[in-house]
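If you read the sequence shown in our numbering, its first letter stands for residue 1085, the second for the next number, and so on.
To be clear, the hints were calculated from the coordinates, so they are not data collected in a lab. Ideal Cβ placement from N, Cα and C applies to all residues, glycine included. You may find that some hints are simply not true.
To be verified - Computed cross-link-like contacts, DSS-like style, restricted to lysine-lysine with a CA-CA straight-line distance of at most 25 Å:
(1) K1179 <-> K1104
(2) K1250 <-> K1103
(3) K1249 <-> K1103
(4) K1108 <-> K1180
(5) K1104 <-> K1249
(6) K1250 <-> K1108
(7) K1180 <-> K1103
(8) K1179 <-> K1103
(9) K1250 <-> K1104
(10) K1179 <-> K1108
(11) K1108 <-> K1249
(12) K1180 <-> K1104
Unchecked claim - Per label pair, the in silico range of CB-to-CB distance:
(13) L1128 <-> L1193: 21 to 29 Å
(14) F1176 <-> G1135: 44 to 52 Å
(15) L1193 <-> S1150: 17 to 25 Å
(16) W1175 <-> P1226: 34 to 42 Å
(17) V1174 <-> K1103: 15 to 23 Å
(18) F1122 <-> W1232: 22 to 30 Å
(19) V1234 <-> G1100: 16 to 24 Å
(20) K1180 <-> N1201: 35 to 43 Å
(21) N1101 <-> K1136: 38 to 46 Å
(22) L1242 <-> D1086: 13 to 21 Å
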Amino acid sequence: MDVFSHGLYGGAGFYGNSKKSFWKAFAFGVAPDVLAFFLPFTILLVQFGLGKIDFTVFEPPVRDTSPSYVHTLYNFTHSIFIFAAAFIVVWFIRKKPMLEMLAWGLHILLDIPTHNNTFFPTPFLFPFSSYTFDGVLWASQPFFTINWIVLILLYSYLIHRYRSKKR
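Full structure from sequences and hints, please.
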């Protein structure tokens, strides 16, 4: 799934709470991809800014062409076990759960069916298993369009509900 969608789905559960809570959940929702892809994405944006890439014909990179550090970071940030361990450690330190972190777990769950084995399959059982699910690529049509329609409907509902409560 695209990074921005992850943030919006993660933040949706906290919409109407404090802005800080929403943005914290949004950040945890995008964090797994941002941590793994920040450097390559920055290079891509610079190339786009210089007119060297046309996003209208953009295809996601083939997994084998990405630097090895990207795969390592991706494995760690997309593991349900790593997420659970981090969630528990933060809970232990704070003496209460940081519920916004659940957006990270949701990111992983959403990625499992929305990545296929040719484009960064989600290693959700890492480091205990290399099993991945061969899902539907998030960038394919009509999935990409349906995803954004769902997000528009979801946020339309959340905004309406929030405004109704304020009256």
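Status of the hints after comparison with the structure:
Of the supplied pair hints, the one linking K1179 and K1104 holds, its CA atoms being roughly 20 Å apart against a limit of 25 Å. The hinted pair formed by K1250 and K1103 meets the criterion: a straight-line CA distance of about 15 Å does not exceed 25 Å. For the given pair, K1249 sits about 16 Å from K1103 by alpha-carbon distance, which is consistent with the 25 Å threshold. Distance check on the hinted pair: K1108 and K1180 sit about 16 Å apart at the alpha-carbon level, within 25 Å; holds.
The straight-line distance between the Cα atoms of K1104 and K1249 is roughly 19 Å, inside the 25 Å bound, and the hint therefore holds. A distance of roughly 23 Å separates the Cα atoms of K1250 and K1108; the hinted pair therefore holds under the 25 Å criterion. Proximity of K1180 to K1103 is assessed by CA-CA distance (about 20 Å); at most 25 Å being required, the pair is judged to hold. For the suggested pair K1179 and K1103, the alpha carbons sit about 23 Å apart, so the restraint of at most 25 Å is met.
Simply put, K1250 and K1104 have alpha-carbon atoms about 19 Å apart, close enough for the 25 Å limit, and the pair holds. Distance check on the hinted pair: K1179 and K1108 sit about 18 Å apart at the alpha-carbon level, within 25 Å; holds. Using a Cα cut-off of 25 Å, the hinted pair K1108 and K1249 holds, with the two alpha carbons roughly 23 Å apart. Pair hint K1180 plus K1104 holds up; C-alpha atoms about 17 Å apart against a cutoff of 25 Å.
Here the CB-CB span from L1128 to L1193 is close to 26 Å, well matched to the stated 21 to 29 Å. About 50 Å separates the C-beta atoms of F1176 and G1135, a value consistent with the hinted range of 44 to 52 Å. Range check, L1193 to S1150: about 23 Å between beta-carbon atoms, so the 17 to 25 Å window is met. Checking the proposed 34 to 42 Å range against W1175 and P1226 shows it holds: the Cβ atoms sit about 39 Å from each other.
Taken as a hint, the range 15 to 23 Å holds for the pair V1174 and K1103, whose Cβ atoms sit roughly 21 Å apart. Hint check: F1122 to W1232, Cβ distance near 24 Å, so the stated range 22 to 30 Å holds. Distance hint check: the CB atoms of V1234 and G1100 are about 19 Å apart, consistent with the given range 16 to 24 Å. Taking 35 to 43 Å as the suggested C-beta distance range, the pair K1180 and N1201 conforms, at roughly 39 Å.
Judged by the Cβ atoms, the range 38 to 46 Å given for N1101 and K1136 holds: they are separated by roughly 42 Å. Range check, L1242 to D1086: about 19 Å between beta-carbon atoms, so the 13 to 21 Å window is met.
In this structure, every one of the numbered hints holds.
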